[in-house]
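So you can see what is in the structure, the chains are spelled out below.
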Amino acid sequence: MTAHAFFFYFFSFIAVVSAIMVTVSRNTVHSVFFLILDFISISSLFIMIGAEFLGMIMLIVYVGAVAVLFLFVVMMLNVAKQENTWFKSSTNSAHIPIGLLVGIIIFFEVIIVIGGWKYKPDLTSKITLSDITNTHSIGNVLYTDYIHLFQLSGMVLLVAMIGAIVLTFRKRDGLKRQSYFKQLARERNDGVSLVEVKSNEGIKIDD
Amino acid sequence: MITDIYYVIPEIFLSLSLMFLLLLGVFKKEGSTIVYNLSLVFLIISIPLILNVPSNNTTLIFNDSYKIDYLSNFVKTLIIISTIFVLLTSSQYLKSIKIFNIEYPILILSSILGMMVMVSSNDLIVFYIGLELQSLALYVLASFNRDNILSSESGLKYFVLSALSSGLLLYGCSLVYGFSSSTNFSQIGFNYDQSIQGITFGMVFILVGLAFKISAVPFHMWAPDVYQGSPTSVTLFFAILPKIAALTVFIRFLYSPFLELIDQWQSIIIFLSIASMLFGAVAAIGQKNLKRLAAYSSISHMGYALAGLTTGTNQGIQSSILYISIYLVMNLALFSCILMLKKNNKYHESIEDLSGLSRNHPLLAFSLLVVLFSLAGIPPLAGFFAKFYVFAAVIEQSMFFLAIVGLMSTVVAAFYYLRIIKIIYFDKEAEKFDTDHNLGLKISLTITTILILIYFIYPNSLIDFVSKINLV
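Top line first, the protein sequences correspond to chains X and D. For any residue, its number in this note's numbering is found by taking its place in the first sequence, counting from 1, and adding 1. For any residue, its number in this note's numbering is found by taking its place in the second sequence, counting from 1, and adding 163.
Wrong hints could be hidden among the right ones.
Below, a list of computed lysine-lysine pairs in the DSSO-like style, where the Cα atoms sit at most 30 angstroms apart [claimed, not checked]:
#, chain 1, residue 1, chain 2, residue 2
1, D, 509, D, 585
2, D, 451, X, 172
3, D, 320, D, 258
4, X, 172, D, 509
5, D, 595, D, 258
6, D, 258, X, 177
7, D, 595, D, 605
8, D, 451, D, 631
9, D, 191, D, 261
10, D, 258, D, 509
11, D, 451, D, 320
12, D, 631, D, 506
13, D, 591, D, 505
14, D, 320, X, 183
15, D, 605, D, 506
16, D, 631, D, 595
17, X, 172, D, 595
18, X, 199, X, 177
19, D, 591, X, 177
20, D, 192, D, 258
21, X, 172, D, 261
22, D, 509, D, 631
23, X, 172, D, 585
24, D, 258, X, 172
25, X, 172, D, 591
26, D, 261, D, 451
27, D, 509, X, 183
28, D, 451, D, 585
29, D, 595, D, 505
30, D, 506, D, 261
31, D, 258, D, 605
32, X, 177, D, 261
33, X, 177, D, 191
Calculated from the structure, these hints are not laboratory results.
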């Protein structure tokens with residue numbers, strides 16, 4: 002039980018500190034690093050209370066997709082005109098130490114939580130009474146009790162897609178597009194014509 | 164489970180027609196006109212579908228998370244009818260500023276789908292998804308005229324501030340769930356005896372989020388900029404529909420899970436109401452843009468609508484619903500007038516453009532006169548009755564301070580309405596406006612003006628409907 006409490010406070014402390022660091026750090030790339038650390042700590046907390054499905058989804062969706070996307074956007078925008086680029090000036094690069102620090106913390110967290118979850122069952126507290134797993138129990142209610150919410154979420158996503166297209170799609174004139182049907186329907190006669198050429202007169206093409 | 168579907172036929176019909184219109188718009192070239200007209204037809208069909216749903220008793224469906232009762236059906240019908248009018252008035256405007264795209268009616272439909280879910284919600288999750296569905300469509304609509312810098316700015320501003328308020332609201336929801344161990348409105352009401360502070364804390368956050376949605380002071384900052392920047396037809400939509408939906412959700416929250424906590428929320432709502440009434444009235448005085456003015460006037464009108472909710476009685480709820488119904492008719496009329504101020508295919512929205520309107524366009528000037536008098540609350544127009552019901556309900560509970568402040572701010576508000584009337588009737592005339600308005604705009608202006616004018620002859624027509632709303 003003490004181990005459980007210890008790790009709970011350990012992860013919560015990292016989560017809170019990195020959440021604060023997201024907002025106070027002046028460098029946007031550092032902010033995204035701390036955001037990733039925050040997500041990972043929270044997903045470890047989820048795994049510790051026995052909600053392994055939520056924890057894994059959190060890892061895949063937030064860390065795997067959202068945060069990495071953020072990182073790409075931030076690096077492309079180059080918001081703060083950061084002077085020290087990644088590997089150019091080895092003397093005063095501020096990114097590498099912080100990146101390493103965050104990476105090491107994440108590594109240990111994953112080792113602790115995955116190891117505990119696999120080999121030491123009493124480290125996580127089970128909240129489900131029956132034997133079925135988290136994924137099973139979510140599947141049981143998602144399409145039955147919460148079907149209306151599931152469908153409505155689909156509508157929300159549809160609206161988000163329409164909105165993104167409305168706000169960004171532009172019809173441009175003078176754009177040459179490939180048309181497969183036109184290409185495939187083209188016959189030999191459309192493209193090639195055989196002309197009798199009289200000697201010493203030549204032929205004029207494109208008249 | 165299967166019988167539950169019978170009660171949500173209107174919602175299912177709307178979502179199916181929305182998807183059908185989307186497909187039609189994708190595959191048909193130049194299909195904006197037909198999509199627009201078909202969406203009107205689908206909206207008209209959905210009215211009998213809503214009325215067909217039995218509403219005499221409260222029905223809870225989908226594991227008690229969705230509530231069908233008289234209030235929800237009344238508000239849904241109100242939402243559909245006003246959307247029909249909004250679409251009727253705006254087609255010409257959309258064409259002339261070149262945003263007559265297929266996505267416009269589709270986004271409007273999805274937004275009102277979200278509102279219908281909101282007004283029927285009996286569960287925190289259902290409520291939140293409905294809210295997000297409606298506001299996501301509204302963000303896009305606000306910046307629909309994306310080549311206009313004001314429109315994009317208003318969309319972005321609305322999106323950022325609204326996301327912040329959604330965050331606060333979700334925080335409140337999670338607190339309420341944590342302390343009452345249920346997301347269901349009826350369950351929350353049962354469970355909170357032990358932990359009243361925690362629930363109150365969560366409730367305050369939820370109220371903040373909702374107050375943002377109806378732009379009550381002090382959460383009104385976004386309203387003037389968004390109203391001014393969005394295309395006028397979208398502003399009309401903003402001014403009416405989200406407010407009806409959010410006010411109904413206010414009623415649902417305050418009167419089903421939190422009714423026992425009336426001592427806690429009453430003073431909050433009184434503050435919101437008084438601040439909105441006073442601020443809306445005072446800040447509108449210096450405005451030069453009609454749409455900005457409409458924003459401030461809607462802020463103060465929301466104050467009056469909230470005043471009805473402070474009472475904690477059925478009469479208060481009914482007066483609030485009556486107020487918002489009459490408010491939507493008045494706003495429809497006001498914006499129909501604004502949409503008629505067109506000169507050489509350019510729309511004018513500043514108050515000076517109205518100068519001497521009565522000489523060139525006597526009919527338009529007369530409708531504006533009726534609308535502005537009604538907004539100011541001058542008898543015997545409909546706006547007077549709206550305020551009368553609210554103050555009657557407030558005085559019934561002997562909340563004299565609220566009533567006195569409300570009446571005083573009516574007097575202040577009358578100043579700027581009367582100033583516009585003076586500009587219309589007594590200033591020197593400006594250039595003529597175009598008169599080639601389309602039929603829908605003319606029809607909606609005529610109907611709304613007549614409704615405002617003759618309401619006093621037969622006021623029971625609306626009261627009969629509203630008096631069936633009994634929640635307490």
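Structure-based check of each hint:
1. D/509 with D/585: holds (24 angstroms)
2. D/451 with X/172: With a Cα-Cα distance of about 37 angstroms, the restraint between residue 451 of chain D and residue 172 of chain X is violated, given a limit of 30 angstroms.
3. D/320 with D/258: Cα-Cα ~25 angstroms, so holds.
4. X/172 with D/509: Holds, at roughly 24 angstroms.
5. D/595 with D/258: holds (21 angstroms)
6. D/258 with X/177: holds (28 angstroms)
7. D/595 with D/605: holds (18 angstroms)
8. D/451 with D/631: violated (42 angstroms)
9. D/191 with D/261: holds (19 angstroms)
10. D/258 with D/509: OK: residue 258 of chain D and residue 509 of chain D at ~12 angstroms, within 30 angstroms.
11. D/451 with D/320: holds (21 angstroms)
12. D/631 with D/506: violated (46 angstroms)
13. D/591 with D/505: holds (19 angstroms)
14. D/320 with X/183: Measuring from Cα to Cα gives roughly 46 angstroms; hence the hint is violated.
15. D/605 with D/506: Holds, at roughly 17 angstroms.
16. D/631 with D/595: Violated, at about 48 angstroms.
17. X/172 with D/595: violated (37 angstroms)
18. X/199 with X/177: violated (38 angstroms)
19. D/591 with X/177: Cα-Cα ~56 angstroms, so violated.
20. D/192 with D/258: holds (17 angstroms)
21. X/172 with D/261: Distance of about 14 angstroms is within 30 angstroms: holds.
22. D/509 with D/631: Roughly 46 angstroms separates the two Cα atoms, so the pair is violated.
23. X/172 with D/585: The given pair, whose Cα atoms are some 47 angstroms apart, is violated under the 30 angstroms limit.
24. D/258 with X/172: holds (18 angstroms)
25. X/172 with D/591: With a Cα-Cα distance of about 46 angstroms, the restraint between residue 172 of chain X and residue 591 of chain D is violated, given a limit of 30 angstroms.
26. D/261 with D/451: holds (26 angstroms)
27. D/509 with X/183: Violated, at about 43 angstroms.
28. D/451 with D/585: holds (14 angstroms)
29. D/595 with D/505: holds (9 angstroms)
30. D/506 with D/261: holds (16 angstroms)
31. D/258 with D/605: holds (16 angstroms)
32. X/177 with D/261: Satisfied, since the Cα-Cα distance of roughly 25 angstroms is no more than 30 angstroms.
33. X/177 with D/191: Within the cut-off at roughly 22 angstroms; holds.
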